[in-house]
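Can you build the whole structure from these sequences, using the hints too?
Line by line, the protein sequences are chains A and B.
Residues 1 to 127 (the numbering used here) are what the first sequence spells out, left to right.
Residues 1 to 177 (the numbering used here) are what the second sequence spells out, left to right.
Be careful, since some hints might not be right.
[Claimed, not checked] Non-contacting residues of chain A with respect to chain B, defined by C-beta distances greater than 12 Å in every case (computed):
#, residue
1, 56
2, 57
3, 58
4, 67
5, 72
6, 74
7, 78
8, 114
9, 115
10, 116
11, 117
[As the list claims (entries may be wrong)] Covered by chain A, per the in silico footprint, the following chain B stretches (three or more residues, Cβ under 8 Å):
#, segment
12, 12–19
13, 32–45
14, 60–72
[As the list claims (entries may be wrong)] Derived CB-CB ranges, DEER-like:
#, chain 1, residue 1, chain 2, residue 2, range
15, B, 77, A, 8, 39 to 47 Å
16, A, 67, B, 10, 44 to 52 Å
17, B, 48, A, 35, 19 to 27 Å
18, B, 175, A, 61, 55 to 63 Å
19, A, 65, B, 69, 40 to 48 Å
20, A, 12, B, 76, 32 to 40 Å
21, A, 34, B, 141, 47 to 55 Å
22, B, 117, A, 58, 54 to 62 Å
23, A, 34, B, 70, 27 to 35 Å
24, A, 58, B, 171, 48 to 56 Å
25, B, 66, A, 5, 30 to 38 Å
26, A, 5, B, 28, 16 to 24 Å
Because the hints were derived from the structure by calculation, they are not lab data.
These numbers were taken from a predicted model, which means no experiment stands behind them.
By construction, the Cβ of each residue, glycine as well, lies at the ideal position given by its N, Cα and C atoms.
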Amino acid sequence: MTHEETEPLVTTTLEAEVAALDASTISRLQRARHAAVAEVGPRGSRRGFLAENPWALPIGAIAGFAVIASALLVVLHSSDSIEPATVAYDETSPWLEIAEADVDLDLLEDLEFYHWLEIAPVDGGSS
Amino acid sequence: MKLALDRFLANVERRALIMAELSTNSRDDAMDVVQEAMFAFARKYANKPEEEWRPLFYRVLQNKMRDWGRRTKLRKRWRIWLQEDASDGAGIDPIQLLADPRGELPEDTLDNQAAMRRVLRTIKTLPTRQREALLLRVWEGMDVAETAKAMGCTSGSVKTHLFRGLSKLRETLDIER
Numbered sequence: 001m002t003h004e005e006t007e008p009l010v011t012t013t014l015e016a017e018v019a020a021l022d023a024s025t026i027s028r029l030q031r032a033r034h035a036a037v038a039e040v041g042p043r044g045s046r047r048g049f050l051a052e053n054p055w056a057l058p059i060g061a062i063a064g065f066a067v068i069a070s071a072l073l074v075v076l077h078s079s080d081s082i083e084p085a086t087v088a089y090d091e092t093s094p095w096l097e098i099a100e101a102d103v104d105l106d107l108l109e110d111l112e113f114y115h116w117l118e119i120a121p122v123d124g125g126s127s
Numbered sequence: 001m002k003l004a005l006d007r008f009l010a011n012v013e014r015r016a017l018i019m020a021e022l023s024t025n026s027r028d029d030a031m032d033v034v035q036e037a038m039f040a041f042a043r044k045y046a047n048k049p050e051e052e053w054r055p056l057f058y059r060v061l062q063n064k065m066r067d068w069g070r071r072t073k074l075r076k077r078w079r080i081w082l083q084e085d086a087s088d089g090a091g092i093d094p095i096q097l098l099a100d101p102r103g104e105l106p107e108d109t110l111d112n113q114a115a116m117r118r119v120l121r122t123i124k125t126l127p128t129r130q131r132e133a134l135l136l137r138v139w140e141g142m143d144v145a146e147t148a149k150a151m152g153c154t155s156g157s158v159k160t161h162l163f164r165g166l167s168k169l170r171e172t173l174d175i176e177r
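Shown next, in the form of structure tokens:
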């Protein structure tokens, strides 16, 4: 048997199966079909907008990019115009006085100790 | 559009049912698969040009059959896991599920019937892709490009699947003669 002989046998067999379908099965198929066709209503037409207007998708995409690009430009432009942050300058600050004076840095690090030393009672080394 | 869709589905529904039945071995399951395919097709592709409907419908049908296969496998696993009787339906000869022969059968018709049953049995045993290619190309009469679209593969794959399917079918029929 060749492929050419096999093909008609397949077709005949399957067509016989279709022809042998009972009325109940055919009726169920029809009901299923009618229900499926009924599904295509307002939803179908809404979905059809892009299908009927294929230009809408690229135009929408371009518009979207334009909006994003404009927003980025505005943000970048406004960030350029921001002035550098300024530090509050308090002329009365004691730290400024220390920083300006010629003070030993070791002293600054142990400032707490020296502060204690200053206020601690002097007992002449009797303890 | 509804009229055209109804006409199209009426044209393919019976063949779709037989195709699904060859995969599922069950008329009821096949009916469910076809119904799901019709709904999905109507929802998603009714707005496509009519000349694209046929491959798209069969693509949806193949997907639904695969979904059915996955669900069935999963259900079987659960049954085994729950130690239920997993033999439900497994012992049924698929041939028994086919439609009854019609009318009175002379001897030559009996031979034809036997040959047809052999063909059906062999088609059922083909690997899924080979069966899909065979049914869509040979029975549905779709060209290679349409079949490739319906199967979601290349034209070369369609030719390969079809050749292997036909070869296996031919070999089996030759042996059983």
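Requested in this report: Mind listing which of the numbered hints don't hold for this structure, in increasing order?
Outcome: 14, 21 and 26
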